[in-house]
Each structure stands twice: as C-alpha cells, then as structure tokens.
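Here are the chains, one letter per residue:
2 protein chains.
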Amino acid sequence: MYAVIMAGGQGTRFWPRSRRKRPKQLLDIVGSESMIRQTVDRLDSLIKPKDVYVVTGKEHVEELIGHIPHVPSENIIAEPIGRNTAPCIGLAAMRLRRIDPEGVMAVLPADHVILDKEGFLETLRFAGDVAKSGDYIITLGMKPDRPETGYGYIKKGSVVSGQWPVGWAVPTSSESKDGVTPPLQVFKVERFVEKPDKDTAEEYVKSGQYLWNAGMFVFKVSTILRAIEKFMPDLYIGLLRMEPALGTDSQEKILSEVYGELPSVSIDYGVMEKADNVLVVPSTFGWNDVGSWTAIDDLLPRNEHGVVAHAEHISIDTKDCIVYSPKKLVATIGVSDLIVVETEDALLICHKSRAQDVKKVVEILEKEGKGKYL
Amino acid sequence: MYAVIMAGGQGTRFWPRSRRKRPKQLLDIVGSESMIRQTVDRLDSLIKPKDVYVVTGKEHVEELIGHIPHVPSENIIAEPIGRNTAPCIGLAAMRLRRIDPEGVMAVLPADHVILDKEGFLETLRFAGDVAKSGDYIITLGMKPDRPETGYGYIKKGSVVSGQWPVGWAVPTSSESKDGVTPPLQVFKVERFVEKPDKDTAEEYVKSGQYLWNAGMFVFKVSTILRAIEKFMPDLYIGLLRMEPALGTDSQEKILSEVYGELPSVSIDYGVMEKADNVLVVPSTFGWNDVGSWTAIDDLLPRNEHGVVAHAEHISIDTKDCIVYSPKKLVATIGVSDLIVVETEDALLICHKSRAQDVKKVVEILEKEGKGKYL
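Protein chains in written order, with my numbering: chain A, 1 to 374; chain B, 1 to 374.
Careful, some of the hints might be misleading.
Same chains, same names: a pair is fine if it fits in one copy or spans any two.
What the hints assert, rightly or not - Once the Cα atoms are required to be at most 20 Å apart in a straight line, the calculated DMTMM-like pairs of lysine to aspartate or glutamate come out as:
hint	residue 1	residue 2
1	K21	E33
2	K328	E366
3	K370	E312
4	K359	D297
5	K48	E304
6	K132	E63
7	K132	D357
8	K367	E63
9	K327	D345
10	K328	E368
11	K206	E194
12	K274	D234
13	K132	E257
14	K372	E312
15	K58	E257
16	K352	D320
17	K274	E194
18	K327	E344
19	K328	E344
Hints are computed from structural coordinates only; laboratory data are not their basis. In this text the structure is predicted, and so the values were computed from the model without any measurement.
Construct the complete structure from the given sequences, taking the supplied hints into account.
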C-alpha cells in the first residue's frame, strides 16, 4: 500500500500563521510537530516512509523536505501550479504506475488531525483490502456527530458484501461502547452532496444515512487511472504526456510544460460523482479537518473558563477564547469568544463566529498588494 | 506666575504602554509630543519654561529632561519616593519661597489634555489675578457635560466679587454660544465630594452646582504654605527641615532623609477640604484627564465605524474599537468595543467597559514578580 499525501493547500483561514511560504500543513497547529510530519508518522506501522508520496507546490518543496526528511526526496512531487485534486491524484497515480500499477494507494490530505491513530490505521487497512479485491474507489466517510455545514456529505446506499472480510471486529476505540466495537463495513455510495444548509445538515445527521466527505480515498492505481481515462479524458491525455518523464530528471521540465494546462477540477466532481464503483467505509477515528482557528477548541484542552492559550496569558474575566502568542505576554479583560493570534509581523483578533472570514483578510491583503503579509 | 507641574504618577491604566520607566506623562498618548511636553508648551505665552517647575520621581528625571530640555534642569525636583500631592505641592512651594515668596503658583498635572489652549490660559490668568489679590486657594472646576463617576466633584457656593475684574469677557471659545461668551467668575467652594455613584452624579450635573475637580490649583506661595502650616503641621515641619537645602547641592541628600517620612496625603484631603478660603473658577476649556484608554475616543477622530486606529489595520465588520499597534499589522473581524494595544513585548485586549481594570493587570504582574512587563 502506498500513501499519496496531498499537500497543496495554503490554509488561508489560519492567517496570520499560515503564509504563502508556510502553509497550514507546515505548521504545528496542534501538537509539537507540523501537520505534514504527523500525517506521515501516523502511517508508519502500515505504510513506511519509502512508500509515501507527497504532492505539493514547488515553492514548498524545500521546507517540506526539512519536515519529513525520512521520506525519500524523489517521492516529493512538485506541482508547478495548483490544479485542484484530480490532476494531483492523477499525477501521483501515473507516477506509481511506473512502479506498481496494481498497487493500492491511499490518498490523504496533509493537514488533518486524527485523534485515534489505531482506529484510522485499521480503517485504512480494511479499505485497502476492499480496494485490492476489485475495481473499487473507496472513500472514507466520517460518521457525523453534529450538523456541520462546512463539509460535503456522502449518502450511503446498500451494504456491500464480497470476498473481503466484511464483519471484521476492528478495534476502533473511539466508537467502542460498553466494550462492544461495531465491525467495519462498506457501502455503495448513493450520491455525493455539497455543503448543506443548517436544516438539511440536521436532517442528514438524524437520518443516519449521511457521512462527512473527508477527502480520503483508497483505490488501486489502475482503478483510478481507468476512471480518469473514462470521465476526464483531457486530464488522462495530459497524464500520458507526462508519464515517460515521471521519476526521471526531466520530470520538472515536462510538468512545467503540461501541468498548467490540465483541467483544474476536484476528484469529487471529476470522478467520484460520476463513477458507479464508488464505495464508502463509515469511519469513526476522531477526524478533524482543522478547517479554521475554532478547530482548536475541539483539539486542545480548555481551561475552566473555556480558554485555550498558547501564550503567557493574564486572563481577567475572559471566557471561551483562543489565544496564540508564543512570544508576547497577552492580557485579556472582559472579553469572550475571541480568537487572538499574534505573529512576528501581524495580529489577528476575530470573533469565533467569524473564523471562516479570516481568509477574507488574505484576500484584502492580496488586493492591496501587501505581499509581505501573505 | 510660576507653574508647578506634578509628574509623579505612573498611569497604570495605560499599560502596556505605560511602564515604570515610562509613565503616562512621558507617552504621546494624544498628539505627537509627550504629555509633559505638551503641558509645558501650552503654558508658553503665560509662563515661560524658566518659571516652570516639575516634581517627578527621581527614576524619571533623566528621561524627563530629554522631553523638556527647555526647562532648566535645576527646576526639576526629584522625589525620592511618591508621597501623594500634599508633600509634592508643599515641596515645590518651599522651593519657590526661596525665590519669590509672594509669587503666584499654578499647580498642574503633567498628564492631562486641554483642547482649548487659549481658554485655558485665560482661565489661568484670571485665577492668577484672583490669587494675587488676597489669601485665596483657587481651584479650577470643570463644568461637567456628563454624569461622570470617575471624578471627584466640587460644589460651588456663592459668587464672589472683589477687587479683581469679575465679569471679564474672556473668550473661552469652547463655551461660546451664538457669539456670546459668558464671563469668567469665581465662587466660594461649599464642599468637595468624592467620586459619586451614577444616580448622584446625574443629580450633580442636573443641579448645575457641581464641577469636576481637575486637580488644578492656583495660589500664592505664601498662601499654600500658611494653609499647610495650619492643617498639616507635621508636613510643614518636614518642609522647614528641607528648606535650607532646596536649590542647593544638598537638596538630594536632604530629600532622601526627610521626604519618605512625610505624610502621604492628598492636597484635597489635607488642605482643600479643611480650609475656608477655597474658591473655584468654573471652567470650560476642553479638559480631559486621559484617565484610561477610552479617553482616546473623546480625543482622537474616529472613522465612520467608530474606530480609532493607530496601526496598519484591516477592519472587517469592526465597530467602536481603539487599535494601537504602530509596528504590526492588525486584522479585526466581527468585533466591537475593544481596546487593542500592542507593544514590543505585550498585548492588551480589553473590553471598553473594563478600561478601568487595566490597572489590575499591573497588580497581577507585580504579584507574580513579572517585573519586566511593569
């Protein structure tokens, strides 16, 4: 099994910590290691670093290698420009076809948090077994615990049985209740749905039929390339043009010529929503996409006033705040529900209800030509 | 006429800008000059720098001289320790007795803002004339425009007429209505009252009989020393012990021996509330004691969203905030009524309704031995 880690995003909602030169996956938002490092390391007992491939923007390659020196540098694939997930996954698959065309690859985002590592690895192993057994595109669907409007959902269809060991009693500790751990199962995907409104999200959760789309996929290299050939022929032709150069000295040259012309489309839209061999494994391993500063509330311990502080913090009547200021004393008086983030050159103060709008600051900085803060 | 500027306070409510080494009067809270410099300069057409005396803590003398190099350094009187206003004023009066015992002295705080300089100088000149004419302790009482609970009040008694030109038509522009400027008057003081509660303050304002005690006084040197002799004999004895050394090389030595033993009492409590020759000149010259960060709202222009910013500021749905951050970009999103102050080593975020509690941060820092932030 190979891992393909997608490390192309910027994570502008983590400004002012996330910057063009230091996107979210290179930050230690949670824990003492960067998110990309944690993503590689949690795979270790299932997928060794030599089998981990990382696709990232070429401007981040150098720093990225510093974070994961145990991943062979030839496994770092540099995109000359971001083209969304379909070209990214296609490129990695084409790279792997030259090594192991019937191998199974797990596609994973570089910047998510997973609390239950063992549960995650068991799920991945199970999905890998399913993928290996046939021509299936497997998605991991997170069982929702709240009517989140920030995620896309996957509606599951009928349960699938086959030659793989459906019914395994896998110790996914996070869902274990009264000592009984439900087995992993796999379902057909009925459909993918976009981010819903609040009411719809509530229905989804109540129904028990919907799962969060976490952007994690497992399939054989040959399976995904066949699907791209069928549903995204333009992309497939582009991938074929690059294929001979992949893993050689001319890889960078051919990517710079071809990659920018590939269609910028997500794998969800380009393939998943069209293919009829998509399955989903309902999963419960404490997943968090760390989508904005408020994710901190779910991931780090709060004090008795609901405050999470990474700072020398003088707190007077302060409630439910996130305070990040590793180098400067912070005093807060009579405030609540604030996100305070202090870096070398910038300071963010944001009401928690507006955490999604942090990216607007980045847009304004871009528009005003204030590149040094980007 | 001499000016005695009291520059002994620390202004802890302006933390993190105000520090032990850089108290409020040395800061440029409003305008581009420090408050002490502005206090000296606005007197210039009435009292020249050579006639300005400044009493300050000895730890601040050196920096203070840098702010007001045009005031002779021998006019800077260094207190070895702060002992409230009565010893401070007594010391300055005793120093002046050796130069001009029948001279008139105006006692002024170093860290207040006065918007209408001409009105202020006319009022001071008028009070000086009254003081010169007899044995009077004159206070300047600010006509209140709101039921402020943060100030002490002065209740005026009957209007006084005498040999000084009561009824002068003084152009105090700030009170001029329809081109008619009421003349300056002087009243007996019926009594001083402590900071009132809200209801009492509202009654005071409605009655028209109460004025804010701004801590500005005018009297002859001989008058105040006579009053101290009468009402604070212990202080007077201490002052007499120091008198021969004042203005000589042994001034510092005698102060270090005597000053710390003087009673730490305010001139209001020690003298004003007991004396029967206290008068008040109702005044309207745009006075502000700059008591806390919220004073900024009254003194600096706000934008259309009520924001006063001294910062490179990205403002998204931000209302009625004060943002001070001269060196760092600040982005605020969805917040209101906040005071944000960023300095080299500390950051304050305070709800405006809690501006008075900034001093509590200083208390906590003291208690926790975090001297570098004091």
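Hints, verified against the model:
1. K21 <-> E33: within (17 Å within a copy, 40 Å between copies)
2. K328 <-> E366: between (27 Å within a copy, 17 Å between copies)
3. K370 <-> E312: between (30 Å within a copy, 11 Å between copies)
4. K359 <-> D297: within (19 Å within a copy, 30 Å between copies)
5. K48 <-> E304: For K48 and E304, the Cα distance exceeds 20 Å both inside one copy (41 Å) and across copies (58 Å).
6. K132 <-> E63: The answer is neither: 34 Å in one copy and 77 Å across copies each exceed 20 Å.
7. K132 <-> D357: neither (42 Å within a copy, 65 Å between copies)
8. K367 <-> E63: For K367 and E63, the Cα distance exceeds 20 Å both inside one copy (27 Å) and across copies (43 Å).
9. K327 <-> D345: both (12 Å within a copy, 8 Å between copies)
10. K328 <-> E368: between (28 Å within a copy, 16 Å between copies)
11. K206 <-> E194: So K206 and E194 pass the 20 Å test inside one copy only (17 Å; across, 62 Å).
12. K274 <-> D234: Answer is within: at 16 Å inside a copy they meet the 20 Å cutoff, but 95 Å across does not.
13. K132 <-> E257: neither (34 Å within a copy, 91 Å between copies)
14. K372 <-> E312: between (27 Å within a copy, 13 Å between copies)
15. K58 <-> E257: within (14 Å within a copy, 72 Å between copies)
16. K352 <-> D320: Both. Shortest intra-copy (9 Å) and inter-copy (18 Å) distances satisfy the 20 Å Cα cut-off.
17. K274 <-> E194: Within. Shortest intra-copy distance 14 Å satisfies the 20 Å Cα cut-off; inter-copy 78 Å does not.
18. K327 <-> E344: Both ways: K327 and E344 sit 8 Å apart in one copy and 10 Å across, limit 20 Å.
19. K328 <-> E344: Classified as both; 10 Å inside a copy, 8 Å across copies.
Hint check: violations occur at hints 5, 6, 7, 8 and 13; the rest are consistent with the structure.
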